[in-house]
Every structure is written in structure tokens, then in C-alpha cells.
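Chain by chain, the residues run as shown.
2 protein chains.
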Amino acid sequence: MNSEASQALLRALFDAAVAAADPFRCLPAYLPEPPKGRTIVIGAGKAGGSMARALEDHWPGPLEGLVVTRYGHKIPTERIEVVEAAHPVPDEAGRAAAARILNMVQGLSADDLVICLISGGGSALLAAPAEGLTLADKQAMNKGLLKSGATITEMNCVRKHLSAIKGGRLAAACAPAQVVTLLISDVPGDDPSVIASGPTVADPTTCADALAILDKYNLREPAAAYEYIKRGHDETPKPGYPRLARATTRMIATPQASLEAAAALALASGVTPVILGDSLEGESRDVALVHAGIAKQVARHNQPVAAPCVLLSGGETTVTVRGKGRGGRNAEFLLALAVALEGHPRIHAVACDTDGVDGTEDNAGAILTPDTLARAEALGLRAKDFLANNDGYTFFSKLKDLIHTGPTLTNVNDFRAILVR
Amino acid sequence: MNSEASQALLRALFDAAVAAADPFRCLPAYLPEPPKGRTIVIGAGKAGGSMARALEDHWPGPLEGLVVTRYGHKIPTERIEVVEAAHPVPDEAGRAAAARILNMVQGLSADDLVICLISGGGSALLAAPAEGLTLADKQAMNKGLLKSGATITEMNCVRKHLSAIKGGRLAAACAPAQVVTLLISDVPGDDPSVIASGPTVADPTTCADALAILDKYNLREPAAAYEYIKRGHDETPKPGYPRLARATTRMIATPQASLEAAAALALASGVTPVILGDSLEGESRDVALVHAGIAKQVARHNQPVAAPCVLLSGGETTVTVRGKGRGGRNAEFLLALAVALEGHPRIHAVACDTDGVDGTEDNAGAILTPDTLARAEALGLRAKDFLANNDGYTFFSKLKDLIHTGPTLTNVNDFRAILVR
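Read top to bottom, the protein sequences are chains B and U.
Just so you know, we're using the numbering used here here: the first sequence kicks off at 1 and counts up by one.
Just so you know, we're using the numbering used here here: the second sequence kicks off at 1001 and counts up by one.
Be aware that one or more of the hints could be misleading.
[To be verified] BS3-like, lysine-lysine: derived pairs with alpha carbons at most 25 Å apart:
(1) U:K1216 - B:K398
(2) B:K230 - U:K1384
(3) U:K1324 - U:K1400
(4) B:K384 - U:K1216
(5) B:K216 - U:K1384
(6) U:K1324 - U:K1147
(7) U:K1143 - U:K1216
(8) B:K384 - U:K1147
(9) B:K400 - B:K384
(10) B:K384 - U:K1143
(11) B:K216 - U:K1147
(12) U:K1324 - B:K384
Just so you know, these hints were derived from the structure itself, not from any lab.
The model shown is predicted, which means the values in this text are computed figures rather than measured ones.
Just need the whole structure built from these sequences, with the hints factored in.
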């Protein structure tokens, strides 16, 4: 397999992973029976627009509703209103949408059905500050969380306890109507209470847990938010809470299913797939070092499997920002991988966010070839310097090795594939 | 397999890894033919004493020499003098031994043979400061390196350029005698020029490389050492240098061979071995997160192989010291693994240094069981707090889960095994 074919295969693997999570393909099979009463569709997430449209296309009865998605992720719908808001830092549009959604599910009857469409990013998009807090308080805390090195699970625990809608509060507001939540997972373990901070799912985490996370990362600002959690008065609905009795969840897409789809394509292409994990975590550059070590083991010792093979992994790494550069987790991972592999002649790799947006940039991720470092040096670019400055986007941009997909309208977290020829 | 059997298997896997690198087993097959002239044995490393003794036991002719090993690693020898010195920070004993060794190889003839016994740790044990530098300069720089987060390859590059004996300078001093170096590898790629800073091997690294590493980690102290490297006057012998023409190397033990030995025992015990890599690097706690992710993938999805299996890896992680606790890389790795696994009921693990000394403590490593966190909590110990304080030794000590072997008299780097039942 030459370099062009290797790059084409890696790109095809990423596309297969994204396609497996496309709501137009995976949502219809999970629709509930139409109710005797009204059907209200609500929801939030990067896949909100595409989930709403896929639902409309296949729903046999009357329908109304409101779904919020990220700026740039809206697609045309006919019966469900789709609005856009900010991610990863919430804005006024998200706050207004959350308030409208909470209002929309007031006064429903037991004959009514609420279909809630939830996908990654929904946590920031459904911004309803708890009583006494402002959106600015939530925004400031969110910025602190994103820079702290906290895991997404930790960030969502804090968010739930600063919210009037997350952690099961939305489903409680829908009672006595039936609530069916269709989920696209972007979190380790695919726990519905974690995805988008689980607005329709009982919350096992407590104010005390949220406080421990703030203390762990030394996040004391803004004081109003910190003190609100520290007071611990307004707890989320816990498992067994009666107003959640008619709320159920259905998982329509997961990181694992997307990795399996990529693995099937690799196998059909004569390359042995090795799925390392659907939810790997850790500092991006160190996760890259471990991936590099495993890839070198394949190249040198044909372990854990013989080449040609592709190492596949999902999950969300973290970047502790030390520099002033541009780039998301995937660019950082791939840049660290390039440094560690030192131009290994048999290794290509791709790392992309399946939502099509790596961090806050316009790319999904990037691609690494055996001559990445050599081409960079020819341009006068030192990979280690760019890594020290967290500047992966600029590095791969100058090499013209960014991968651009635009918003994919779904989100099953990051996708990494390392091909050893 | 119950918990007792799991722990026993993990301990047996570690013992098998160490045994595969035992000089008494692996050295005799690599001895050269006796020379026409004298045979001089020199060397340094944690395995110095056992390598010298194994050589004595099998050498047919006359023999003399001097080998330096770490304090506590000396064993009785008859013809080769073995002296002890400090590791990882060099001391006066190492400096004196290095001077004596350099003196011993002066004036040899082409009929003479030098057998050089090199193993991990030899870099610190053979302390011969370059002209104009003091041992205190080297010690201070070494302390800075060990705390910086630099890889062992990077540390050795710097050490070579502050030394009068490393980076091929020792072999150059032996010319015109034949030099056969027997090596036990503890470095990624098993490169003889890297092990113990390659005293008998041409050095491809330059003063400029060493300077870049000092700048990368912002190591400017002591000024004399920094300025010496910055001046760049005293370069090491490069490949092709005539005085190294009669110097050859033989690898007698490697991390990979030890992992293979553990893998063979696992297989014989009905547990599928998965060798992830013989030289994984990265910050210990992040490397632990990736291992945890792979172990969970086995438990949840039977990937990359079905349970029961054991994930095996070698190589040296790094610890960026932020806290004030006690513990080496392996205790830190295992503590982070415990936190990440959250008491997973099917996972046991062991992490140990094959030299029997984790960092600067008296333990080789530790063992993790499904109830590690629960037992800790019962004692009022919060694993996350100990991790934040880099205090893995204390944590596992209080649980009575440290592994003590004493010095093993060999060194093929760290050994990690994660058993998923």
C-alpha cells in the first residue's frame, strides 16, 4: 500500500465512523409508537438538526417542537423548529431556547409523548442557569472548566449542579407525559445520565461531588457559582424520583458502533483492525506517546498483531493549555504523535472529531504521513515548538494536512486511526 | 480465577520477566573467544555485579578488571573487582571508579581483549566529569533532569556531553585492543549507543542536541554545565571514528525478551497475552489512563482480545513531580490506574521496575486489586489526594500492597501487567 492509498484508507475509515452515527441512517429504527395525545419533540446537541429532520421524515402523526443545535449545524426542517446557540461556551440564544423548551413541556397530560433528542454538546446548548445565577456565571465557570484539564464527565457533573434543566430536571418538568429520549453517545461508558448532562435522566451525582471537582482543579470563580454549589440546597432528581417514572432512553449511536464500522471497512480492505478502546482519556500528548509506542511495537515485533494493521480508538483526550497556539485535541494528539514517531516510514495516522469540529477550529482534525516532519522542516517549522505552544492547527494548516468536513451533524467523540503498513 | 490466583499469576509474570534478564541465565551464550593477550573486564550498571560473576563462572582463561554497580547490588566475585556507587545521582565513588577504569585500559595492545559489561543505571554509575566540570556540576544537572519530565533518551544525551567516558569515549580509550560490550537494554529500541549513555559506542548525538534538550526543559543550572554544552567544543566520537573500529556489541537481555517470557507463562496459564509495547513512554498518570481504557475495552467488548487476558507493557514512564510524596514511576502509574478503574471487579494489575527498585524507594512496585480503592477508603485514604501529592509509595504501603524483591541484579526497565478476568 503506497502513501496515497494509506491516506485514502484512513480518510475512508473516518468517513465510515461518521456515517455509522448519522441520524438519517440510525434514528428511524428507534422511534416509539405514536401516542394517543400530542407529540412534542425537544432536544439539544450537535446532532439536533439532523436528528429532528430524520424524525420528521419518518414520523407518521402530528408533531411539534423545538430543538437547539450548535451555530452552523442547523438544517432545514418543516415541523420541528431548530434554533442555534453557542458551544462550548453557552450564550443567550441557548438560554432562551432552554427557557422555551421548559415552558413548552408545562401542562402536558399522561396521554402526551415527549421525544427528546440528545447528543453531545447538548450540555452547553441547553443553558438554563439555576435560580440566582446568571448566564455570565455559567459561562465563566465553563471557560474555567475547559481550560482546567477536567474530564468531560467532571465538567458535566459541575454543569448539572449549576442548571435548572440538566440532571433529570427536564424530564421531571415533562411529567405526567411519557418521555422517550433518543441518544447519541459521546461519553465513556455511554451512560445516558452523562450525555449532554442527562436532562431527562436521574442524576446519581451530588452537589458534594461537584464541589470536590471544583476544589480538585482549584476553580473558585465566579464566586456566585462556587458558593451556589457549596451551599448544596438545590439537588438534582435522584434515581427512583416519581416524576421520572415514565422516562426511558434509547441509544441510537455510540463511539463503539462507529469504531466497529471502521474496523469492518479495514478488514474488507485487507488491514487487520485493533480496537484499543472506545473511550480513551488522558492528556493528548501523552495518549499520543502510548499510541506511538504500540504502533512501533507492531512495526518492530508484529505485536499485538502483524502489520498491515490499523489501531483504532475513540474517546476524548484533554489538552492542558500552556501555549498560545490554535488547535483542538486531535491536532495536538497528531502533532505529539508526529514528534514521537520521528518520521517512521511505515506509519500513517488520522485523528478527527466525529462532529467535524476539532476544538473551536474549522477543521475536523488532520492526517499524519511518514514525511510530515520532513515536509515541516523544509518549511522551517519545528514540530516540537508548535507542540510546546499547543499550536497543532497552525502546524497542520501550513502542511495543508488539515481535514475539513464541515459540521457532520452527529457526534460520537474523537476518532483516531493509526495505520502500520 | 479468584483474586488470590490473579495476584499470584501477576507476581509470577513479573518474576518470569526478571528471570529472563538474569545474567546467570543469559550471559554465558554471548561470551567472545579468549584473546591471545590479556582479558580486561570493565563495566557499569545495576546488573554489573551479577554480570561480572556470571562471566567469571564461565570464562576459561585469566581475567582481571573493575566493574561498578549500584549500592546494595554487589555480590561476591573472585577475579573481577566490583565496587558500588550512587544511582540515580552520581557520587564520588562512581567518579573514582570511572577514573580507575579509564586508567586500567591505557596502554593495551591489539592482542588484548576488553569485555565491557553494560546495563541500565551505568550512566549515573560511571561518573567522569568532562574537563573543567566538577562532579557537583554533574550531580546538580542530573537532579534537574530527573525532575524535569525529560525522557531517559534525552537525559542520556545531556549526560554524554558532560562526560569524559560516555558516548564512545571509553572504547576510544581502549584502542587498539578489541572491545566486546555485552549489553542489557533498558531503553526504547535497544540502541547500544543509548544504554548507559553508550560508553563504548559511537555517539550520533551532538552538543547542539544536548543544548536543545536543556532549553526545552529550561535547565540552565549549574551555569558551568550549561555553558560547557553551549560552547560545544568537546564533541563525542562519531560513527566511523577509527579508534572505535574494533569495538562490537552483543545484546544479552532486552525488555522485549522479558515481555515474551511473561507472555509465554500467561499463555501456559490459560490467559491470552497482549504485548502492547516494550518501550511505552509518557507521563505515568496519563499512560495509566490509556491502559485503563484498553482494559475496560477488554472487559466490556472483548477487544482487542477476549478475557481472560493480560495486557503487558514495558518502557519507562515519566513523573513530573508536583507533590511532596514518596514513590516511583510504577507506584504513580498504579495509583492513577486505581483511580481510573474505580474498583472494576474484573481487573488486577502489577507495575514494577525489573531492577527491584521503583524510583528511589525500597520497593520494586505494587499490586492493584479490585478492592484497592475500597480498602483505602476504609483506612481513610483518598487515592486522588495521594495521586495529587505523587505519594504512591505511601498509598500502597499503607495497604500493604507494595512488592519487595530487593535488587534483582538486572534491569530491563519497567514491567506492567493488567489482568482482565
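Outcome of the hint check:
no., hint, in the structure
1, U:K1216 - B:K398, "holds, 23 Å"
2, B:K230 - U:K1384, "holds, 20 Å"
3, U:K1324 - U:K1400, "holds, 21 Å"
4, B:K384 - U:K1216, "holds, 9 Å"
5, B:K216 - U:K1384, "holds, 9 Å"
6, U:K1324 - U:K1147, "holds, 12 Å"
7, U:K1143 - U:K1216, "holds, 16 Å"
8, B:K384 - U:K1147, "holds, 20 Å"
9, B:K400 - B:K384, "holds, 18 Å"
10, B:K384 - U:K1143, "holds, 24 Å"
11, B:K216 - U:K1147, "holds, 23 Å"
12, U:K1324 - B:K384, "violated, 30 Å"
Of the hints listed earlier, the one the structure fails to meet is number 12.
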